[in-house]
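Q: Based on these hints, arrange chain B on the given structure of chain A.
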Amino acid sequence: MSAPTQSEAEIESRLTAIGRVADGIRRFFDGDIWYSFKSSRIAVVAGIVTLVIFLAALFAPIVAPSNPYDLATLNLLDAFTAPAWIEGGSSAFLLGTDDQGRDMLSAIIFGTRVSLIVGFASIIFAMLLGITLGLISGYVGGITDAVIMRIADVQLSFPAILIALLVDGVVRGLLPPNRHADIAVWVLIFSIGISNWVQFARTVRGSCMVERNKEYVQAARIIGIHPILIMLRHVLPNVMGPVSVIATIGLAVAVLTEATLSFLGVGMPPTQPSLGTLVNTGQNFLASGEWWIAVFPGFMLATLVLAVNLLGDWLRDALNPKLR
Amino acid sequence: MSLAGCSRMTSATIRHDEAPHPKLRVDGLKRYFDVSPPWLNRVTEGRPRQTLKAVDDISFAIEPGKTLSLVGESGCGKSTVARCIVGLYRPSGGSIAFEGVDFASLRSRAAQAPLRRRMQMIFQDPYASLNPRWRVFDIIAEPVRAFRLLRGKSEIVRRVDELLRLVGLAPRDGEKYPHEFSGGQRQRVSIARALASNPEFLVCDEPTSALDVSVQAQILNLMKALQRELGLTYLFISHDLSVVYHMSDSVGVMYLGRLAELRDAPALFAQPLHPYTRLLLETIPDLDVIGRRREPLAGEVPNPIDPPSGCSFHPRCPFANERCRSQRPELAPVPGGAVACHAVAEGRLAPDD
Chain A
1 MSAPTQSEAE IESRLTAIGR VADGIRRFFD GDIWYSFKSS RIAVVAGIVT LVIFLAALFA
61 PIVAPSNPYD LATLNLLDAF TAPAWIEGGS SAFLLGTDDQ GRDMLSAIIF GTRVSLIVGF
121 ASIIFAMLLG ITLGLISGYV GGITDAVIMR IADVQLSFPA ILIALLVDGV VRGLLPPNRH
181 ADIAVWVLIF SIGISNWVQF ARTVRGSCMV ERNKEYVQAA RIIGIHPILI MLRHVLPNVM
241 GPVSVIATIG LAVAVLTEAT LSFLGVGMPP TQPSLGTLVN TGQNFLASGE WWIAVFPGFM
301 LATLVLAVNL LGDWLRDALN PKLR
Chain B
1 MSLAGCSRMT SATIRHDEAP HPKLRVDGLK RYFDVSPPWL NRVTEGRPRQ TLKAVDDISF
61 AIEPGKTLSL VGESGCGKST VARCIVGLYR PSGGSIAFEG VDFASLRSRA AQAPLRRRMQ
121 MIFQDPYASL NPRWRVFDII AEPVRAFRLL RGKSEIVRRV DELLRLVGLA PRDGEKYPHE
181 FSGGQRQRVS IARALASNPE FLVCDEPTSA LDVSVQAQIL NLMKALQREL GLTYLFISHD
241 LSVVYHMSDS VGVMYLGRLA ELRDAPALFA QPLHPYTRLL LETIPDLDVI GRRREPLAGE
301 VPNPIDPPSG CSFHPRCPFA NERCRSQRPE LAPVPGGAVA CHAVAEGRLA PDD
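Those protein sequences? They're chains A and B, same order as listed. First residue of the first sequence: 1, per my numbering; consecutive thereafter. First residue of the second sequence: 1, per my numbering; consecutive thereafter.
In case anyone wonders, no lab produced these hints; they're calculated from the structure. Each hint should be verified, as a subset may be incorrect.
Unchecked claim - Cut-off 20 Å, straight-line C-alpha distance, at most; resulting in silico cross-link-like pairs (EDC-like, lysine to aspartate or glutamate):
| no. | chain 1 | residue 1 | chain 2 | residue 2 |
| --- | --- | --- | --- | --- |
| 1 | B | Lys-30 | B | Glu-73 |
| 2 | B | Lys-53 | B | Glu-73 |
| 3 | B | Lys-53 | B | Asp-27 |
| 4 | B | Lys-176 | B | Glu-162 |
| 5 | B | Lys-30 | B | Asp-102 |
| 6 | A | Lys-214 | B | Asp-102 |
| 7 | B | Lys-153 | A | Asp-23 |
| 8 | B | Lys-176 | A | Asp-32 |
| 9 | A | Lys-214 | B | Asp-27 |
| 10 | B | Lys-176 | A | Glu-87 |
Just chain B, with the same shape it has in the complex:
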């Protein structure tokens, strides 16, 4: 295990030295869904075509060995970003580049395979992410076989045993079926499968949100340990800010398919700038200040099919003015990152508010 980890780390470092590309760069990513009513209804009832802009112009980069988290409420498009990156969705626009190689330039499945091998995903629901009819051994061995990494059964058996130990399970567990495991153990299996192809980059789509709080910490610590040992780069999707605080080097706050704030984690948690980020941080329960009066989060997430004009957060924002209602703010540099907010840019909003 440690040997494999070492060789992977050195190769990653060399590649990094040669080409100063970030591990992953997402540039102007868009993903629109056609949510029009059926053709017959459009014709007979005269209803128009409708487009849902799940992800609308998102850009970020992740440096090797770092963790970027995307946070936001349900339906803000963070999972859609993850799915675009691993190739489950075809982006409607923008580019996704892995170490400087644009995925759009690689047309065929075969051409993408070498890059896909180095990029894997951990899923949210450990009860749906493992095929119930397959033994854990076969589940973990599938990427090894698919990418033809090892030849010969005994080599694959050895590799799977190694992976099972790596995630804190026993080689014997390979014989079992997924239903014989608890949620946390299943998530370990899921991580082992994700690591099976020696990836350098993992997309983690809310890997702990379906788990008990006590188990969450175990899985998060395992993921951090693996990151240290194997030099992994993470894109971490979550709505749980305390988890994000624990895991991230930088954080992107998403609202209705756009980035509201993209900053280094310490800066963001010390001094959130965007009103939406402040609101999110406000909602974290805190044992030190029991009984504090909290500002309830006013309003609901607007319908993403028909987003508000201007800044999409303006209906819920206490600082919104006429400009916010008409003109959409772009990300502008601030200390430790960038924020898309007119109020911050104009200085209407004191940073220590």
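In isolation and in its complexed conformation, chain A is listed as follows:
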């Protein structure tokens, strides 16, 4: 008698969304990926560093000692204060201040936030574009594939910086200068995204061509599932492994590209400084002895990019069946 009631209960538990999510989380912590993460010391350190930076950026208004955007709190008399542990430093400004009297620590935390927002947004944009075109290219094949891949080849022969400079230049030409500062962030996201979609498209296309010939895709075709649904439900989940690796390393690249562009003065404006803008500002004072204005944002940038890159490397190894 107990057997049928038990199976009814099982049926119910199987139907609840929360049960599925809880099961998914349990599976993740039981799974290979988590085990591989725990046993790699570099991955754990890189993961913690990345997590701390992400959290600091996310909760910047709470974490940072002051709000660097709030001009009312700035005092020009505080300008060029050295870091706290150096003579002339003040305990109010742990990492010193810049030429405006802004607290460097706060500026770096808020700058990291800007850098990460641009990095994430542009890589998500690149991912959406690349995955869509890659899936279409790999699944449909033929002339469609040829056209998309030739565009990708042409795109790949231009360095990302050049494309970003080009887009930025065009937008600057089209818009009045006072409007430019408002949309600078969108220009950056678009131009960094557009210069990174090719890798996603190529990887997804390759995996898609492998997957589409597997029999489970054919089984779905036999029962007449629409090609778009096959791509989304069957093929996409099976190509996400390599995509996640590219996305992680791509995030580091995007942050770096953003910093480069901002350093060159075509990225984030000084009113909304990213890490690159801060380094750019700081390098004016490098020769005159106020090294901290450029060095600390640069150090932060290097740490962030290194940590994310190491995570990406670990992820690539963890997802590579040949190295398991």
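A: Relative to the frame of chain A, chain B by itself:
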């Protein structure tokens, strides 16, 4: 399970009485592949277009509740026939009719859906035929959802549980992912998925060739039991003649995209007529005659892009003469079926040879 089986059987019988069509009729089926070198190479190196005739003019019919097997070496086109029938390939010529309804007459996906539901496929590789990211429950439920056979989650859950029991798995197994199963269990899942839409006709593309011999027998017995219970009709693709002997009512022997011999299974195994069939049967290991000297199969399968003239088997055939080299034999009636061989037709080849 038994209820569903009964209703399906009666409906199939009624339909059969009304229209005396075979379950599946394949008539003059052709499937050519364009294997030309890329356009640039054709232009610069002057290389011609090339066509691979994977399936070239094949006709057969399968009666309801029966099993027809297609056998032959790798690359003879048997899987291509299967793929054409289930709609994965568009035929280059000929017709495929399910209970008298020609698939070519149904243009849209929507118009074909009612027929497609009644026809499913079991695949060769149980490791590639199940989506590794999907739970077994969702894999088996997919056809039910796709054809909108049941409404409501609990009904689908009940149906999937029923299917899992039908193929000898437990309802709990629906929660697992394919990698948690062995090859034989995966093939059971694959069969459950194929049965999910209540089909009457199953195309089985070498369903056991990727399995251990001990597991092969289990799967074959399961398939036979399902055929009895649900009144299924099978098209069985295999290169393993002992499996074919176990499963079939009739057998089609394919060579280079054409049928060499199409006969009732008992007749074929008792008295193979076509020299190629004889050769295939010769290669079956036999415990009763250990140490018998065997005729090694001379030659290799010719390049299907450039098949031999006349009878495509003539380069390997010990009985070939001038006519075989120049004129292609057509299927001609013999006891229990048909054979495409000049030597048999002319009586050059004694049946008891």
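Q: Does each hint hold? Answer for all of them.
A: Okay, the hints, checked on the actual structure:
1. B:Lys-30 to B:Glu-73: With a Cα-Cα distance of about 19 Å, the restraint between Lys-30 of chain B and Glu-73 of chain B holds, given a limit of 20 Å.
2. B:Lys-53 to B:Glu-73: Answer holds: Lys-53 of chain B to Glu-73 of chain B is near 16 Å, not above 20 Å.
3. B:Lys-53 to B:Asp-27: holds, 16 Å
4. B:Lys-176 to B:Glu-162: Status holds; Cα separation ~16 Å.
5. B:Lys-30 to B:Asp-102: OK: Lys-30 of chain B and Asp-102 of chain B at ~15 Å, within 20 Å.
6. A:Lys-214 to B:Asp-102: Violated: Lys-214 of chain A and Asp-102 of chain B sit about 28 Å apart, past 20 Å.
7. B:Lys-153 to A:Asp-23: Since the Cα atoms of Lys-153 of chain B and Asp-23 of chain A sit roughly 19 Å apart, the hinted pair holds (cutoff 20 Å).
8. B:Lys-176 to A:Asp-32: holds, 16 Å
9. A:Lys-214 to B:Asp-27: Status violated; Cα separation ~29 Å.
10. B:Lys-176 to A:Glu-87: violated, 65 Å
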